[in-house]
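K.L.:
Chain by chain, the residues:
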Amino acid sequence: MAFWEIGKSKDKNNEQTSNDASESLFSTGKKKLKGLTNTNDSKKTVEEDSTFIDKGMDKIKEKSLQATGSAIKLSGLAIRKVYEARLNIVNEFSNVKNEWSFIDQDTVRKDIEKLQKDLKDARSDFKKDKVSIGVINRISERLAITTSLLDDSLCTCEKVIAENDLTTPFALYGVKSLRAIEKHDMNDAISYAMSYYKANGFKADQPQIAFYIAQNLNENGKYNEALNVIKLVVKSYPENISVHKLLCTIHTNTGNKFGVALESEIISLLESSTMSEVV
Amino acid sequence: MENKKKLNGNIFQYVHPQEQEITERLKSNLISDEYCNQLLENYKLFELETELPDYIGKCLEVNEIQLPQIYHMTLELAEKLEMELPTVFVFESYYFNVSAEGLEKPWIQISTKTLENFEEDELRFVIARELCHIKLGHMKWEVLCEEFAKNIETAAQFVPLPPIPGAAITGQQAFDLYGERFKLISANWNRISEYTVDRCALATCDFNIRPAIMAILKQILNSSMLAQSVSLLSFLKQTDAIMSFTTNAAKFTRVDEVTPYGPFRLKELISFASLTGIE
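One line per chain: the protein sequences are A and B, in this order. Per our numbering, numbering through the first sequence is continuous, rising by one, with the last residue being 279. Per our numbering, numbering through the second sequence is continuous, rising by one, with the last residue being 558.
In short, the hints are calculated from the structure, not lab data. Check each hint, because a few of them may be wrong.
Said to hold, decoys possible - Derived lysine-lysine pairs resembling DSS-like cross-links, with alpha carbons at most 30 Å apart: (1) Lys306(B) - Lys81(A); (2) Lys81(A) - Lys429(B); (3) Lys516(B) - Lys97(A); (4) Lys516(B) - Lys235(A); (5) Lys530(B) - Lys231(A); (6) Lys97(A) - Lys323(B); (7) Lys384(B) - Lys323(B); (8) Lys530(B) - Lys110(A); (9) Lys203(A) - Lys516(B); (10) Lys516(B) - Lys245(A); (11) Lys384(B) - Lys114(A); (12) Lys81(A) - Lys462(B); (13) Lys359(B) - Lys257(A).
To be verified - Which residues of chain B face chain A? A partial, calculated answer using Cβ under 7 Å: (14) Ser372; (15) Leu515; (16) Ala520; (17) Glu547.
Each residue gets a CB set at the ideal place from its N, CA and C atoms; glycine is no exception.
With these hints in hand, go ahead and build the complete structure from the sequences.
P.N.:
Next up, the structure:
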C-alpha cells in the first residue's frame, strides 16, 4: 500500500464512526422533541415554567431597582465628590501668588482681606500679651496704605485710620497728601508727601505719594534718592507715561544716556496712537 | 538705540523672582527623581527618535549656505549667551511660531510665516527667547511636564484601580483630578518661564524694547497688520478689564493658560526694562 493510501483508509473508518455517532444523537433529539410537544403533561410543564419565570422576573426587577437606586445614590455621591475636588483645585489655584508686580485692583482687594484678618489675629494676640502694640500699628498702617490703592477709596482709607487710632507717618501726612492730590492742590500734596517721607525714615511705601516725592527730590538735585524712590512707582504703574517722563528727566540729570534712550523709546511707544506710528 | 546696556554674560540675574520656587513646586509634584529620569529616558528613546527624522525630512535646516542671515544671527546670540549653537529648522506654517524643542541637544524651529513677516530685530528677539530657554535649562522641565501629563492619561486608562475607600470616587476619577491639578502646576511653571525668557531675551538684545514689544504683539495676534494697529497704552489697560473678573471660575481660566496674557507680559517687560535702566 502506498503511503497516501494508508491515511485514506484510516480516514474512511473515522468518517464512518463519526457519521454513526451524529445520526444517533439526532435521533435521540428528535424523539425528545416529539415527547415534549405531543402530550398534556408537557403543556402543564410549560405553564408551571411560565409562572416560575414570572416570579423570577419580579424578583429580578426588585433587586435591580434596589441596585439602581444604590447606584444612583453612589454616582450622585461620586459626582459631588468629584465636583468638590475640582472646586478645591480651583480655589487652590485661583489664590496663587501673582506673577506680576504692577498694581491691580483685584490683588489689592485680596491683600486688604488678608490684612484685615491679620489685624484681627494681632488684636487677639495682643490681649494675650503675645504681640506688642507696634505690630498692630504696622499692620494697621499697611492696611491703610493698601486701602488707599483702591480706586476712589480715600474715605475708606481715612475710616481705617480713624478706627485704628493710627498716628503713623502715613496716617499723619500720607493720607493728607493723597487728599491734596485729589483736590489738585499740588503745593500741599508735595509738602505733605515730603513730611511723610521724612517721618517714615526716608522711605516711600505708597506709590502714588512716592511719585511726588521722587519729583521733589529730582527738583532739589537729589537724583540718586529720586531714583531709589521711583522704583516702587515704576513697578506699580509701568503703563503710566508721567512716571517714564519723570524717570527720563532724572536719567538726563544723572547723565545716564542708556536710561534716557530707553525711557524715550518707552514714552514714544506709550504716546503713539498705534504701533505703526512709532519711529 | 545709542549707549546700549551690554549683557555681561550672566543671564541668570534676570530670571523671574518666582522661578526657583515654582520649579521646586513642579519638581515635588513629579513623584520622584527616579521616575523623572525614566520619563526622560522614554522621551529620548521614543519621542526624539520619531520627531527628529521628521524635522530633517520636512523642514529646512539653517546653516551657512541655507538662510545664512538666520544662521549668523543665531550664532551671534549664542556667543553672547556663551552657549553652544543649536540647530535651527524652518518649517512651513500659517502661524507665527518660534520654539525650542528637544532635550540634550535641543533645536530651534521657526515658521516660514515668522521669517517672512518679522523684521530683523524682531527675529533677533524671538530667537533670543528660545536660546534663553535652552541656556536656562527649561527644556528638561518642559519635557517632564509633557511626558508626565501623558503618563497620567495613559495610567488612567490602563491601570485598573478599585474605588478609593470612603471616597466614593473611582480610580479613573482620581487620576483625572490628579492630572487636572498637575496641568495647572505645569501651566504656572510655563508662564513664569515665559516671563523669564522675555526679560532675558530683552537683555540679550541690548534692551531694544520696540522690536521686543512688536514681536510679542505679532505672536499673540498672529498678524502683522493687527500688531501695527495696536495702541500700546490701550492694550496695556486691558489688564484692568481682565482683572475685573473676580469669580473663581474666571481666575481659574487665567491660571489655566500656559502663556501669560499679552497685556501682562508687556507691562512686566516695560517695568523690567525701566528698573534695569535705573540699576
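K.L.:
Does the CB of Ser372(B) sit less than 7 Å away from some CB of chain A?
P.N.:
At 23 Å from the nearest chain A Cβ, Ser372(B) fails the 7 Å test, so the hint is violated.
K.L.:
Can you confirm whether the C-alpha distance between Lys359(B) and Lys257(A) stays at or below 30 Å?
P.N.:
holds, 23 Å
K.L.:
Against the 30 Å threshold, does the CA-CA distance of Lys81(A) and Lys462(B) hold or violate the hint?
P.N.:
holds, 20 Å
K.L.:
If you draw a straight line from the CA of Lys203(A) to the CA of Lys516(B), is it 30 Å or shorter?
P.N.:
Distance ~29 Å between Lys203(A) and Lys516(B) Cα, so the pair holds.
K.L.:
Lys384(B) and Lys323(B): Cα distance at most 30 Å?
P.N.:
holds, 10 Å
K.L.:
For the pair supplied as a hint, Lys530(B) and Lys231(A), is the alpha-carbon distance within the 30 Å limit?
P.N.:
holds, 28 Å
K.L.:
Mind checking the alpha carbons of Lys516(B) and Lys97(A) for me, to see if they're no more than 30 Å apart?
P.N.:
holds, 21 Å
K.L.:
Take a quick look at whether Lys306(B) and Lys81(A) sit within 30 Å of each other, Cα to Cα.
P.N.:
Holds, at about 27 Å.
K.L.:
Interface hint check: Glu547(B), Cβ to nearest Cβ on chain A, cutoff 7 Å. Holds or violated?
P.N.:
Where the cut-off is 7 Å and the nearest Cβ of chain A is about 5 Å from Glu547(B), the hint holds.
K.L.:
Given the hinted pair Lys81(A) and Lys429(B), is their Cα-Cα distance within 30 Å?
P.N.:
Holds - the C-alpha atoms of Lys429(B) and Lys81(A) are around 24 Å apart, at most 30 Å.
K.L.:
Is Lys530(B) close enough to Lys110(A), meaning Cα to Cα at most 30 Å?
P.N.:
Holds, because 13 Å separates the two Cα atoms, which is no more than 30 Å.
K.L.:
Would the pair Lys516(B) and Lys235(A) pass a check requiring their Cα atoms to be no farther apart than 30 Å?
P.N.:
Holds, at about 15 Å.
In this structure, the hints that do not hold are numbers 6, 11, 14 and 16, in rising order.
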